[in-house]
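Peer 1: Each chain, letter by letter, is given below.
Protein chains: 4
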Amino acid sequence: MSKFWFLLTIAAFARYAFAADNGLAITPQMGWNTWNHFGCDISEDTILSAAQAIVNYNLTRFGYEYVIMDDCWHAASRDNASGAPVADSTKFPNGIKDLSDKVHALGLKFGIYSSAGTYTCGGRFGSLGYEGIDAKTYAEWGVDYLKYDNCYNEGRAGTPLISYERYANMSRALNATGRPILYSMCNWGEDGPWNFAPNIANSWRISGDIMDNFDRYDDRCPCTSVIDCKLPGFHCAMARIIDFAAPVGQKAGHGHWNDLDMLEVGNGGMTFDEYVTHFSMWSILKSPLILGNDVTNMTNETLNIITNKAIIDINQDSNGSPANRLWKRSIDGGGDLSLWAGGLANNCYVVALLNTSPSSQTIDIEFSDVFFDQGKQAQSQTYTIYDLWQKDDSGSWGKNLGTVQGSFGNVSVG
Amino acid sequence: MSKFWFLLTIAAFARYAFAADNGLAITPQMGWNTWNHFGCDISEDTILSAAQAIVNYNLTRFGYEYVIMDDCWHAASRDNASGAPVADSTKFPNGIKDLSDKVHALGLKFGIYSSAGTYTCGGRFGSLGYEGIDAKTYAEWGVDYLKYDNCYNEGRAGTPLISYERYANMSRALNATGRPILYSMCNWGEDGPWNFAPNIANSWRISGDIMDNFDRYDDRCPCTSVIDCKLPGFHCAMARIIDFAAPVGQKAGHGHWNDLDMLEVGNGGMTFDEYVTHFSMWSILKSPLILGNDVTNMTNETLNIITNKAIIDINQDSNGSPANRLWKRSIDGGGDLSLWAGGLANNCYVVALLNTSPSSQTIDIEFSDVFFDQGKQAQSQTYTIYDLWQKDDSGSWGKNLGTVQGSFGNVSVG
Amino acid sequence: MSKFWFLLTIAAFARYAFAADNGLAITPQMGWNTWNHFGCDISEDTILSAAQAIVNYNLTRFGYEYVIMDDCWHAASRDNASGAPVADSTKFPNGIKDLSDKVHALGLKFGIYSSAGTYTCGGRFGSLGYEGIDAKTYAEWGVDYLKYDNCYNEGRAGTPLISYERYANMSRALNATGRPILYSMCNWGEDGPWNFAPNIANSWRISGDIMDNFDRYDDRCPCTSVIDCKLPGFHCAMARIIDFAAPVGQKAGHGHWNDLDMLEVGNGGMTFDEYVTHFSMWSILKSPLILGNDVTNMTNETLNIITNKAIIDINQDSNGSPANRLWKRSIDGGGDLSLWAGGLANNCYVVALLNTSPSSQTIDIEFSDVFFDQGKQAQSQTYTIYDLWQKDDSGSWGKNLGTVQGSFGNVSVG
Amino acid sequence: MSKFWFLLTIAAFARYAFAADNGLAITPQMGWNTWNHFGCDISEDTILSAAQAIVNYNLTRFGYEYVIMDDCWHAASRDNASGAPVADSTKFPNGIKDLSDKVHALGLKFGIYSSAGTYTCGGRFGSLGYEGIDAKTYAEWGVDYLKYDNCYNEGRAGTPLISYERYANMSRALNATGRPILYSMCNWGEDGPWNFAPNIANSWRISGDIMDNFDRYDDRCPCTSVIDCKLPGFHCAMARIIDFAAPVGQKAGHGHWNDLDMLEVGNGGMTFDEYVTHFSMWSILKSPLILGNDVTNMTNETLNIITNKAIIDINQDSNGSPANRLWKRSIDGGGDLSLWAGGLANNCYVVALLNTSPSSQTIDIEFSDVFFDQGKQAQSQTYTIYDLWQKDDSGSWGKNLGTVQGSFGNVSVG
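Taken in sequence, the protein lines are chains V, F, E and R. Sequential numbering from 1 applies to the first sequence in the working numbering. Sequential numbering from 415 applies to the second sequence in the working numbering. Sequential numbering from 829 applies to the third sequence in the working numbering. Sequential numbering from 1243 applies to the fourth sequence in the working numbering.
Hints are computed from structural coordinates only; laboratory data are not their basis. Take these hints with a grain of salt, some might be off.
Unchecked claim - Straight line, CA to CA, 25 Å or less: simulated SDA-like cross-link-like pairs of lysine to any residue: (1) V:Lys230 to F:Ser639; (2) R:Lys1472 to E:Asn1027; (3) V:Lys328 to E:Thr1052; (4) R:Lys1570 to F:Asp783; (5) V:Lys230 to V:Leu161; (6) V:Lys230 to E:Ile990.
Bound conformation, chain V alone (with noise of 0.2 Å):
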């Protein structure tokens, strides 16, 4: 697990700009999506009842806007006549566009799910070759996001040229549609998206599927990279892809985000300790934060993680650079322990311990090391330290703890 520390000083220097096309997640996206807890078995009542628990618990509040309806919304075959998509009128007796507008009343945005292939994922019919219909389609409906997958792409993948063209034709189409609709590329990282897609897309997954699992090595995710991986797979443990994570944060920024995939924060195959190790690495590697929950019935320990608003500050903070990797140190026994920093806006930085051994580890953190990028005259410095998983005196995240100079000496993490 982690330690989460927030410092006050001045920022670096950033090596990438962008300016991202439809102005959209400027900062990482937040919302939920019925994946992770549902599957295929989702109907307009999973999302609505979701929707409204969203608004229930004043979720919003922290920034979760989109409410993302994943795979398998889809009728048994498109429109023979017009080609048009169409959802499956068992489950969306209403329509999507219906749906769409009762999710808009709650203040809240409305995601789709499609797969850049002959077939979804789970087997539905595929956008491949209909990304105009498609698009336009989405746009209609009041669309506010696209979750566009891989599946079943018919070999088009190889080269992060082939790969790209496959994504551009739908971008276009979105950007064509006039309505302003996210666009975030699940392509598991293959042909390296942070290479190809940060003026194409909003966000691109890095690695196979999310398993709700602390760190267990799993067959179905065989990389140990997502640099060239061939075989993204799913079942990749929560640590893992913090892992797979660090060398390609350097490519993320305004509008174009490394996703570690949905959160399985309250699903239960972690501890509480883990999830909270989950929640603040995908916030300081500025992930998506799109929770994968049933946020209908969720636990206290839950709802704690989830609205830290700290955590969520420093996601969505206006900087926009992910924390970098200064060191990672294998520990006997298994496991290894990493140290986290990030520059954040007004003079900010986060730091953070990560611990994926089976022990508890007490080491010194160096300043020289915190401050690597920043020099020498910022590792000298005395900062103000608040822990952000601690409460201050109004009950607010992130408790000032005095402060530090050269290094922080004797930390524990469990």
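Using the hints, position chains F, E and R against chain V.
Peer 2: What follows is chains F, E and R alone, placed relative to chain V:
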């Protein structure tokens, strides 16, 4: 070698679905092929004798139905005028149509072989550029199955798209005949057919050709993984192919299977226990079960293995889910121990323990591993357990060993 | 850090020759670039002040001639009517042509920067699809040098041919202007420019951007080799780039060089000895020597390094042969020791010993290693030896240390 | 170094067959080439002197027939009007046709060199885009053999298809001349020519250029395998090329061979025993045997090696099957020991034991390894054994050492 159990409980949540176009191989195909035992030395008699033996031994009752004529059935060249394929008139004096009719008359189906290249692997004329006329001719001959190889492909490999296009050409040609012809791709896993082939083929080979040996490393099968292997080769030992199959099991399902290559059971290069392992693992990984021995001359041991109905039933289970490897542990002295489990229909599971080390191993197997995918509830249930390689009182495979809960304690595997 | 010697004897047999089209960079280019020190914070004054300093310090006498304006010189957009590139009128109130004239008036040459993508790395308009008008405009502006980057390339990478075509477009456009413009490719080594670029460019970067640090591993430069690296990144420590350069030295020669990236000497992240190593190794590997510090404000130490004429002469030697690494040995406690040697004109050789371990090392260096390429006769000759970092009686670099035969005995490197 | 034996029994079951189009190199080609000894320093005299020496030494009797003029025979440019290739008129005052006639008059065949690129490796004009006129001119000149290199290929590599098309262009052009011209591809193994070239070329190089050294690692030959090597380079030590060849032997056969590069026997960089190993291993791996020494000036040792008829007979054996490596074992102290065996015509086998460690090794060699491919019957037979590097009573190579069964006991290899 392996231990096999069969358990009863509730099935898991399926990630991938799919609808095949030709309606074939809803469960993995079963049959017999000339290559492993006879190589190029085949004739009408080879095939008809085998077909007759399959009937005599009642193998059809167990599901073996395709009789497949592999390489070297060809005349020296195609028909000059039409370009149609022509059979060797010495080996097949009555032609292929006649042979096919005779096979059909025995209640069996008939398969043929070609290569997506200029030549077949045996140097006969290949189908590259002749897909249309070849598929049409096969249909006229009454062919029910095509094994389609990869030799002499004129460099048309290296990206999924290039390989896809070469193999999709034959898929479309077969579909265009109107005759249902099972399409068995054999491109040795190049460019990841598990990614690009699920909706053009009923099965795809994942590796170089099998060698009739348990686990010997051979330089002619040099890759350590089938993911992005650039030289699949041949002489791949049986247990190496099992290892290759672990990460790609996730890609198989109804109508589209990973093909671990034809069986060597009965060909003499392995012990009885090793062949038991071979047949069992092919079964639970949902590989096609294509016999490769001389079925006209079988020992009782061979016959016992290939007619274990309990094992075959797992292969043909309607759930269509390959077993997954839960863990793999290196053994001092070489080889490894691995645990595999898979969900079946009707609340059943199959569990196998594979030992490739030279010594006997004894361990506890925890239900937290076996039912990792199914979660905590499944891990705490009580199961009825059957050993599929023991016989019950009626002499059928699958002996009831009582119930288990929490773990299998002290399992020994020789 | 390194030890350097300079020896006298007969030159070796050259494997590769080449004729460059534009007649430039017969020896590696030398100059100064804004990026490493100033980043995006540049203006007319930045460049003119540096140019004036180069003249004042007499750096031209040592060969520094190109003054290169890196990223962020751009206006918000191209000229609407013509599509021609436009400079930021605040930073460059007199325009680029005027700036170029002033640089020329100081006896220097003027370089500019763009990217073979939709945007530059700093988010300004890129040249992809605008190669013709950009090259033409640069020529009109009196540009003598183009550094051509790789950001936002719309997926046009992944095979040598795709990258080649993108970069050859600009090469052809530059040639078409009729003005000799040195073409400095910066695609970070993707797809192996040492293979595809020798006759379209004068130099090519081999890795991600340099970091002003001796040898720290940084996750943002994740590849362990530049051969087939799919994420070159940035923050590549100096000694890591030396390691990257070892296998590709064979590909450089007159008019086509491996670019190890711009120098960090004087920027403060390394010690004096480390900068000596940096400058020396860049020199013997025949990298372009492009200063990256603030030349208007240099310490004597910095000045001493960048004006070591003996070292520069090796870089500019007419033989054009990068030094080769003869061996590399891991040192207990981390880092390694490596021996480098290269043939020069006039029967001379350069020899260097590089120590990246934390401790001092003492070894014998055998001539059977130093002159491995030259063979037995060269290994048994007597050589006059000069230490290029010591001064002779006249105060020039390169002190005669006497003669050696068979080996350098007991060499210590701190 | 190696031990070699020659055994008698029944041949194995062949996996791959093939029919070459030009009818050449049914067994691996033999001859002499200018490059390894003379590099660019060649002339009419170099070639004619060598040709005369080949005749004088009666090397033709052993099968050496091709006299190949490598790089640097070219004039500064092609013929302006026709585009046809032109030779250097100083080096070749009588032209190439005259030279070819003289070589033919000596009873030898004549080979030439070009590159599938803009330039040759030596910087002369290449054949890319000039395949037709070059092939036609070569045919007019009486050329019998083309070595076709890979330098300056303008990025046309990276997938098998791209490389195939570039090399197939010349193959087609050579066939179109009507003159049988042996086509020796030299693309250094890029993109796997063993996969794509068998029916367009008679041989293909598998690695970077050979270095006249037994086994020294050199950074200029950085790949650890030829499978998917992206920087073949040069300076590849002899024993490293043997290691490279092990997995690709399976791809060679009549008319299409793996080329391990030209021989260094006699060039001075290895000992007698090392050259014996070099020549023997090239032979049993069915590499073309192209001398690379100065045949006008040979020691008796060199002559003895290159005229060992027993070894040459194995290379030229009508079976055309490269030996296979049965095992490779690391030796403490560095290097390894490996066992190789191959089937020959007339029930014979060749067996070799290769030791690259610095010390002598003594082991038993089991027939279960030697005859692994042939199976149990072959493993239990009795064989007559000949040592091919000892002479029999008549002075011919191949001394009968008696019979063996089960194993070679206590074999020592120095």
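Peer 1: If a hint holds in the structure, say so; if it doesn't, say that too.
Peer 2: Taking the hints in turn, this is what the structure says about them:
1. Restraint check: the Cα-Cα separation between Lys230 of chain V and Ser639 of chain F comes to about 11 Å, which is no more than 25 Å; the hinted pair holds.
2. As the CA atoms of Lys1472 of chain R and Asn1027 of chain E are separated by approximately 19 Å, the hinted pair is consistent with the 25 Å bound.
3. Note on Lys328 of chain V and Thr1052 of chain E: the hinted pairing holds, with a Cα-Cα distance of about 16 Å set against a maximum of 25 Å.
4. Simply put, Lys1570 of chain R and Asp783 of chain F have alpha-carbon atoms about 37 Å apart, too far for the 25 Å limit, and the pair is violated.
5. For the hint pairing Lys230 of chain V with Leu161 of chain V, the CA-to-CA distance comes to about 16 Å; that is within 25 Å, so the pair holds.
6. Proximity of Lys230 of chain V to Ile990 of chain E is assessed by CA-CA distance (about 20 Å); at most 25 Å being required, the pair is judged to hold.
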